[in-house]
Amino acid sequence: MRSISYRQALNEAMVQEMEADPRVFVYGIDVADHKRIFGSTKGLVERFGEERCFCTPLSEDAMTGFGLGAAINGMRPIHIHMRVDFLLLAMNQLANMVSSYRYSTGGTVDVPFVVRAIIGRGWGQSFQHSKSMFSSFAHIPGLKVVLPTTPADAGGLLLSAIKDENPVIFIEHRWLYDVVDTVDDAAEPIPLGVGNVLRRGDDLTLIATSWMNVEALKAAEILEDRHGVSVEVLDPRTISPLDDELIFRSVDKTGQCIVADNDWTYCGFSAELSARVSELCFDRLKSPVHRIGYAFTPCPSARHLENSFYPNAIDIIRAVESKLALSEADLSSEDFYSYERKFKGPF
Amino acid sequence: MKPDNRKMLNLELYKKLYLVRKSEERIVEHYFEDEMKTPMHMSMGSEAISVGVCHALGPESQVFGTYRSHALYLAQTGDTDDFFAEMYGKETAFLKGIGGSMHLCAPEAGFMGTSAIVASAIPVAVGAAFANKRLKNKKTVAVFFGDGAVDEGVFWESLNAACLMYIPILFVCEDNGLAVHTPAHQRHGYDSIAEIVSKFHCHVFQDKTTDAERIYGLACKAMERSRATQQPSFLHVQYYRYLEHVGVKEDFDAGYRSKDEFEQWHKVDPVRLQRTKLQEVGWDQRQIGTLEKEIDEQINNSLTMAQKAPFAENSAVYTGVLE
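In order, the protein sequence lines correspond to chains A and B.
In this text, residue positions in the first sequence follow my numbering: the first is 108, and each later residue adds one.
In this text, residue positions in the second sequence follow my numbering: the first is 29, and each later residue adds one.
If you're looking for bench data, these hints aren't it; they were derived computationally from the structure.
Zero decoy hints are in this set.
Derived list of chain A stretches under chain B, where covered just means 3 residues or more per stretch with a C-beta under 8 angstroms from a C-beta of chain B:
#: 1; stretch: 159-169
#: 2; stretch: 173-180
#: 3; stretch: 199-205
#: 4; stretch: 208-215
#: 5; stretch: 242-252
Calculated pairs, SDA-like style, for lysine to any residue (alpha carbon to alpha carbon, straight line, at most 20 angstroms):
#: 6; chain 1: B; residue 1: K166; chain 2: B; residue 2: T257
#: 7; chain 1: A; residue 1: K360; chain 2: A; residue 2: V301
#: 8; chain 1: B; residue 1: K166; chain 2: B; residue 2: Q259
#: 9; chain 1: B; residue 1: K166; chain 2: A; residue 2: P129
#: 10; chain 1: B; residue 1: K161; chain 2: A; residue 2: P129
#: 11; chain 1: B; residue 1: K161; chain 2: A; residue 2: G156
Ideal Cβ positions, reconstructed from N, Cα and C, are used throughout, including at glycine.
Between the sequences and the hints, there should be enough to build the whole structure, so can you do that?
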């Protein structure tokens, strides 16, 4: 075992696959500049050359189609975007071309194409550098959508994404880049479509995505400490395909379900999860599924407004207390903004 | 070119032109029966471009098209069995009714697919050509699009990337002067597409012709230049769309264009022009007639088989979404 950061795990997964398969290449805006996509593409151009790690014009739309074309002709491209918001310029290619190409060939042509994009947050990112959008991608058949939370998942899921014969949208969270965790010495692929139990519990199922897992774990810890409540934290890890079974088994056990999504709730992944759990676990639920997400506004810039925009562990704790009819614990001694304070801009 | 070679070349071009035209005529003949439930965007008038370019590309090539790709598909593949079966949405088609007229596909024959979103296949073709260059497999790539595609940002993004990255690819702009029903002068803040494209690091060829042999010659030159320099080539050819934007009828009564224009272009109809040329290069009427009969039979068989074929199981809807 060894300690490794999320960014390092991403980097090592790409190195591993680029070593193993000469068809893998990395491209995108500024992938080979001095900042190297927040460090995640560090060393790639030195190790594999400009042929396999290169910067592109600011043409997200065309360069996404380019990746599709390269993939169907036998290459294995990894296209990287510093923000998910930029990826919206490529939405036509993703929704109209990439997602349906295999289908349009009767399933005969593979599309091994990975699109990495990063959710920004904090230090004034505001409304065009902070979107999650993953539910929009997951809405489209033919795309796999991955949201790694831990360093081990970042590495293991990226290995699987690169090896996959289908297009994979791989959405990372900027704040997770500095998270360090112990991982196995040699990273192994983690299959897409298998969720993860981040914390075992019996009283309530808390399903969280991306950064909200960090908030969920913090909330679960405090709830155990203050109320003796045992919360099971589930990270679906891939939202398309979705590990329904893991979720249903947990809700079957606890009878209570909260979804804390790193996104808006309206028409989002939390709505999908809530519907599924309600449909399939209806007779097991002791109360309706509760959802937590962003305020339904564009994201503001100033820190105090951001704090009203983003839900955190406090919101989760209060939701659990309300659901289980517990009195509100005094949280004044707790630190809920350590990451916000730690994170210094500019990006 | 030696006279014998030219004679054979023109015969081959005519065979393809005739195949395309007659296949589409059969669609027109049967479309009213409402058994081909797919939006037909007809190629009539444009045949010389697909036929000339595809013949120049040769067998080791890949082409990408648009929703108006009957001519391109038939010129590249020579197949009519899958073509008609797909028009009828039948099980015997390669795509079993998934694609229809707008999304024909035959990757094994180098027909890599189309997009019904204007210009969207252009960057895909650039990426495909990039991969071929990297993999050194000697496959050439051409992407076909209309003048409407030039209105889209992704065309310029793709052209820029291909020029910047030294990707040999043939951009083929089939210019009928219309985007659906809107003429170029209502869409372009400039006069000449080719002139603007010529400012990029690529080779530009342009013509206003319905002569497949001439287009073949231009495409050969364009490919030679691209092979030598590793830069893209841009081939701009004007033609006239005989039929309505979508559907199999004429629409000269709609008011956006005149029948006079059609009459002018029809005087140099690409299929008739090529048939006349065949006689000039030494083929006699009997030989041409025999050839036409063979192609008519091929089309007839394909059409009949398609009509008789069953539909796929409903479960075919789920085929090929993901591996």
